[in-house]
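Colleague: Each chain, written out:
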Amino acid sequence: MTTGRTTLNNWRVYIDGYDLSGYSRTFGPLATTFDEGVDDAVSLSVKAALVGNAAVSMGTLNGLFDNTATSGIHAVMKTAGGERDVLLACGIQAAPANNDPMFCGQFMQLGYSGDPDNNPVYASIPFGNISATSAALAYSNPWGVLLHAKSARTAANSSTGLDQSASSALGGYMMYQVFAGDGTATLKVQHASTNSDGSFSDLISSGSVNCSSPLSGVVALARTATVNRYVRWQLALGTATSVTFAIGFVRGN
Amino acid sequence: MKVKITCTQEGLLAGLEYDLPAEVALMLIEEDKAVPVEEKKKVKNDNGQNDTK
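Here the protein sequences line up with chains P and W, keeping their order. Here our numbering = 1-based position in the first sequence + 1. Here our numbering = 1-based position in the second sequence + 323.
Calculated from the structure, these hints are not laboratory results. Using N, Cα and C, we set each Cβ at its ideal position, and we do this for glycine too. Be aware that a few hints might be false.
[Unchecked claim] To give an idea of the interface, some chain W residues facing chain P are shown, with a C-beta separation under 7 Å as derived from the structure: (1) Lys325; (2) Thr329; (3) Glu333; (4) Leu336; (5) Ala337; (6) Gly338; (7) Leu339; (8) Tyr341; (9) Asp355; (10) Val358.
[Said to hold, decoys possible] Computed footprint of chain W on chain P; a stretch qualifies when at least three of its residues, placed anywhere within it, have a C-beta under 8 Å from a C-beta of chain W: (11) 84-94; (12) 203-216.
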């Protein structure tokens, strides 16, 4: 993983199994905020907040209108009012690579509007906070690591994992985005106390999913689940021989 | 049969261990939604001390 500064053109936008990066111009602000209590006095040294009750938001996605059948931004996003699985991958000085930062969540899409006054025509898509039905509702932190950057895989992962410094017992969650495939497969996050291939065991699993069409999802651990120090992505092929996917993982804190 | 859930099911949270009926546990393992938990056994080491493995 490269470290350092980056620019907007190194981000990628994945929603519900579709890569909308080629249509997206801006998004944000990516926010995690705690509301102050209405009765908090200015003299309070620490403003009151409910622990673990942050409002997480990804702001508004501004894109370029495109009505390409099935995969264009208009076809994918024209129906507002539903929950969207959003994964924003943050490449550092290049396209996102494994273990780069990422922001993810299941957000309510509040609207969809085109702006024909501009040329090209813009599509504006505002999002609300984390959906009340999100599998990761118990987690306030949307920032994690992109364990697997978008790419096609045809075999299981036997590499070592990412060192996250220490184990924790505060759970975590996985978001997976499947862009293409030719059958069933299971996407996983594995963990280990020792960073060697044989030491990893399954931590979170999507269960068997049909990768023949785009799909996405979040699987959350219990808030007290133990996550060992090292984590990595894993793919178990069912009937599929190739799957193009991305996996983000957020360790609970 | 003891398993650790990896994909949340109704009433079964991912990341936690459950003692489930064998047929349910085996079905979840088959579907890649759980992993078996190895029971630790007391064994006598060469040095005569008891240990768990």
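Colleague: Determine for every hint whether it applies to the structure shown.
Modeller: Now for the hints, and whether the structure bears them out:
Proximity of Lys325 (chain W) to chain P is violated relative to the hint, the smallest CB-CB distance being about 14 Å (cut-off 7 Å). Look at Thr329 (chain W): its Cβ gets to within about 4 Å of chain P, closer than 7 Å, so that hint holds up. Taking 7 Å as the C-beta contact cut-off toward chain P, the hint placing Glu333 (chain W) at the interface is violated, the least distance being around 13 Å. Contact between Leu336 (chain W) and chain P, as hinted, is supported at the beta carbon level, the nearest pair being about 4 Å apart and thus within 7 Å.
The interface hint given for Ala337 (chain W) holds, since its Cβ lies 5 Å from the closest Cβ of chain P, which is under the 7 Å cut-off. Taking 7 Å as the C-beta contact cut-off toward chain P, the hint placing Gly338 (chain W) at the interface holds, the least distance being around 2 Å. Given hint, Leu339 (chain W) at the interface with chain P, holds; its Cβ is 5 Å from that chain's nearest Cβ, closer than 7 Å. At a threshold of 7 Å, the smallest CB-CB gap from Tyr341 (chain W) to chain P is about 11 Å, leaving the interface hint violated.
Interface restraint check: Asp355 (chain W) against chain P, minimum CB-CB distance 4 Å, threshold 7 Å, status holds. At about 5 Å, the closest approach between the beta carbon of Val358 (chain W) and any beta carbon in chain P falls short of 7 Å, and the interface hint on this residue holds. Under the rule that three or more residues need a Cβ within less than 8 Å of chain W, the assignment of the stretch 84-94 of chain P is violated, with 0 such residues. Counting residues of the stretch 203-216 of chain P whose CB lies closer than 8 Å to any CB of chain W gives 7, so the stated coverage by that chain holds, three being the minimum.
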